[in-house]
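Now for the letters of each chain:
2 protein chains.
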Amino acid sequence: MEFETGDKIKIKKNGVEYQGVAMPKSGKCVVLKLESGYNIGVNPEGTNIEIIQKKEYSPLKVKPENKQADSKLPEVSIISTGGTIASKIDYRTGAVSAQFSADDILESIPELQKMARFKGRVVYNVLSENMKPEYWPELAGAVIEEIENGADGIIIAHGTDTMMYTAAALSFMINTPVPIVLVGSQRSADRPSSDNVMNVICAAKVATSDIAEVCVVMHDSISDDRCGIYRGTRVRKMHTSRRDAFWPINSDPIGFVDYSTKDIEIISDYATRDSSKLVSETNIDPRCGLIKFVPGAKPDILSYYTRKNYRGIVIEGTGLGHVSTEWVPEIEKATKAGIAVVITSQCLYGRVCDRVYDTGRDLIKAGAIEGKDMLPEVALVKLMWALGQSSDMDTVLELMETNIAGEFSLRSLH
Amino acid sequence: MEFETGDKIKIKKNGVEYQGVAMPKSGKCVVLKLESGYNIGVNPEGTNIEIIQKKEYSPLKVKPENKQADSKLPEVSIISTGGTIASKIDYRTGAVSAQFSADDILESIPELQKMARFKGRVVYNVLSENMKPEYWPELAGAVIEEIENGADGIIIAHGTDTMMYTAAALSFMINTPVPIVLVGSQRSADRPSSDNVMNVICAAKVATSDIAEVCVVMHDSISDDRCGIYRGTRVRKMHTSRRDAFWPINSDPIGFVDYSTKDIEIISDYATRDSSKLVSETNIDPRCGLIKFVPGAKPDILSYYTRKNYRGIVIEGTGLGHVSTEWVPEIEKATKAGIAVVITSQCLYGRVCDRVYDTGRDLIKAGAIEGKDMLPEVALVKLMWALGQSSDMDTVLELMETNIAGEFSLRSLH
Chain V
1 MEFETGDKIK IKKNGVEYQG VAMPKSGKCV VLKLESGYNI GVNPEGTNIE
51 IIQKKEYSPL KVKPENKQAD SKLPEVSIIS TGGTIASKID YRTGAVSAQF
101 SADDILESIP ELQKMARFKG RVVYNVLSEN MKPEYWPELA GAVIEEIENG
151 ADGIIIAHGT DTMMYTAAAL SFMINTPVPI VLVGSQRSAD RPSSDNVMNV
201 ICAAKVATSD IAEVCVVMHD SISDDRCGIY RGTRVRKMHT SRRDAFWPIN
251 SDPIGFVDYS TKDIEIISDY ATRDSSKLVS ETNIDPRCGL IKFVPGAKPD
301 ILSYYTRKNY RGIVIEGTGL GHVSTEWVPE IEKATKAGIA VVITSQCLYG
351 RVCDRVYDTG RDLIKAGAIE GKDMLPEVAL VKLMWALGQS SDMDTVLELM
401 ETNIAGEFSL RSLH
Chain X
1 MEFETGDKIK IKKNGVEYQG VAMPKSGKCV VLKLESGYNI GVNPEGTNIE
51 IIQKKEYSPL KVKPENKQAD SKLPEVSIIS TGGTIASKID YRTGAVSAQF
101 SADDILESIP ELQKMARFKG RVVYNVLSEN MKPEYWPELA GAVIEEIENG
151 ADGIIIAHGT DTMMYTAAAL SFMINTPVPI VLVGSQRSAD RPSSDNVMNV
201 ICAAKVATSD IAEVCVVMHD SISDDRCGIY RGTRVRKMHT SRRDAFWPIN
251 SDPIGFVDYS TKDIEIISDY ATRDSSKLVS ETNIDPRCGL IKFVPGAKPD
301 ILSYYTRKNY RGIVIEGTGL GHVSTEWVPE IEKATKAGIA VVITSQCLYG
351 RVCDRVYDTG RDLIKAGAIE GKDMLPEVAL VKLMWALGQS SDMDTVLELM
401 ETNIAGEFSL RSLH
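Chains as they are written, first to last, in UniProt numbering: chain V, 1 to 414; chain X, 1 to 414.
These are computed hints drawn from the structure, not numbers from a lab.
Check the hints yourself; a few may be wrong.
As the list claims (entries may be wrong) - In silico lysine-lysine, PhoX-like type, Cα no more than 25 Å apart, as pairs: (1) X:25 <-> X:10; (2) V:132 <-> X:25; (3) V:132 <-> X:10; (4) X:114 <-> X:72.
The shape of chain V in the complex, shown without the other chains (with noise of 0.2 Å):
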């Protein structure tokens, strides 16, 4: 029986039934996803597959018919970079690569297109552990492009990796007037399940919203319930493989997607769309790095980042924001020779706060910037932006001690 991908199908195989949306051939297995969001592949050897349905909706192009057909619906861009959202396991190998695009997503899950207009731009197709700071003006380019163009909300499938990155360069570079939504899927090592249908569609759900704020939206818990709607700056991945891998970080939640009712539940402040115009400062400058201090580790790791002509460091130290003593003056040495040094935890969560014991007062008499309750990585970001921005030290030093896009609060959340 021939059938088409986004046809739903039944497949039956040694007395046992599958049911699902058809996805793009694996290799000779047909990939079929079932009602729960897993994927699974079938050898269609001895098979019985029967067409339930034929596919409702094919996939949008940016067509200006098209766009006349559904005009009620908001336009939302779906901007690919690649990622776990935008892969499929590659059978001669066994492994994971990125392949898919913004069209594969709206193929293969069909109720997206009742809820917008999509429109489809690859950006990149790299595997998010590629994705470099270089890459974020431009992806931050392709947003405001997007937005300039009249689209009500963004969408960008991102590899699950560095998200927490791209999220934060995003942050600090567009101040928007509509949602910009993260949204990528974790796979489970062992199995080939996914858990993207259910992002995606409470990423559109939030890209449609009043949120106008840069977000990641994934899985709050491991149960199909709800998704997290999760400040850029906020969010961490803090597990390798469970789907509700992304944990907002000294700070709540802006709020959640139920997955059923499709409501959104708001428990933060956040800036409401339209509330401020497009305004974008995406310069960068890359040459920063993050050394994270453990026991034993010699200050004079800091002197390669000096030679190699960094202008910022960000340091991962132990509890409230500390290192041995015996980096105090090399940690002096680099912010003497310009280079900008900010001290964060490897805590993680809580403040960092270097005027309880003597180790941190000297950083702070050594120049060293204190992070507040910033995420480390995220103040790595901020760095290389503020960095971009002007290169007059006292300049930077003033944009980091200011909150820019909710990256750090006044005092610690308890």
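Once you've looked at the hints, dock chain X against the given chain V.
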């Protein structure tokens, strides 16, 4: 009114009444430990001080007659290394520095002396950010000596900043027939509170229990209701300032100590007292570094470690254990030069699995070792220890693949 440290006193000042145990003075301030466990400093000028009860116990030193007197009680050695639990505020600078000894702990917590015969020993007096891998063998040596001399349990007072590193080191170094308990205190950055009374009492309870493991005993929640008993290789400081900063990662706690009843609730398997003989392997090779991969990080950073003759490198990759593709040749260069490279994840939770995505598979081909679900910091300590056991790389790899002290599980817990 003359009072001594350890007396229960009442102070009236400006119409407010404070009641608690007198601690050693700080400058001209009288320091009271309140019933809540908080410390408060009061300037005695213009106050009325009344002794409610003279101190019942004098601090126990290692006196034979004293051992005789309480011979039914188990013998516990308190080894002090410094840190907040053994520190007080320096009113000259407003900062905290390490000053107290084990005797001071006993003096300020009289209840302890009903639980065991205590013996104090100061091994170091440093804030924990200054602990170095080179100190761990000496600390392990002191622990071993105390056990050989008849201690039924060991309490190690340690700064919280690097407690997890020391706990992991002792876990790998010592196969213990008695409990070895690390304890510390978190001090709120903005008020002179302390959680040390409850932590130390719970630690003493565990030190006299059946749990013959290296473990960390600290507040389990911000309420003063119970302490967690966390395995030394599965615990991490996850908050800069909260009392419940220590979280078990990728593993349940061994159990809990109820502070009011002093009952121990066990929820995980543990090694029982005297089930194994005292065995120690305290050699380490501290020439190991930890590198946290971030977007834009240059693979050239690895060359710093190879040039400096490091013997092991732990990489904190993204997600399932990834780095950007351009890192792979540099990692291969390092492993071919005889440097052990272990891949862990900056997610902290979950398991590294480099067999799913292309990048990971390339890393394994390049000779990298998968860190399973080990914490990056624990993998670093284990690598130092493994390299201290043998200079033969095959033996080192075998040790890294062997579960020595519960540091990894066969599959990840969900």
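Hint check results:
1. X:25 <-> X:10: Roughly 15 Å between the alpha carbons, so the hint for residue 25 (chain X) and residue 10 (chain X) holds.
2. V:132 <-> X:25: Between residue 132 (chain V) and residue 25 (chain X) the Cα gap is close to 55 Å, so the pair fails against 25 Å, i.e. violated.
3. V:132 <-> X:10: 62 Å, violated
4. X:114 <-> X:72: 11 Å, holds
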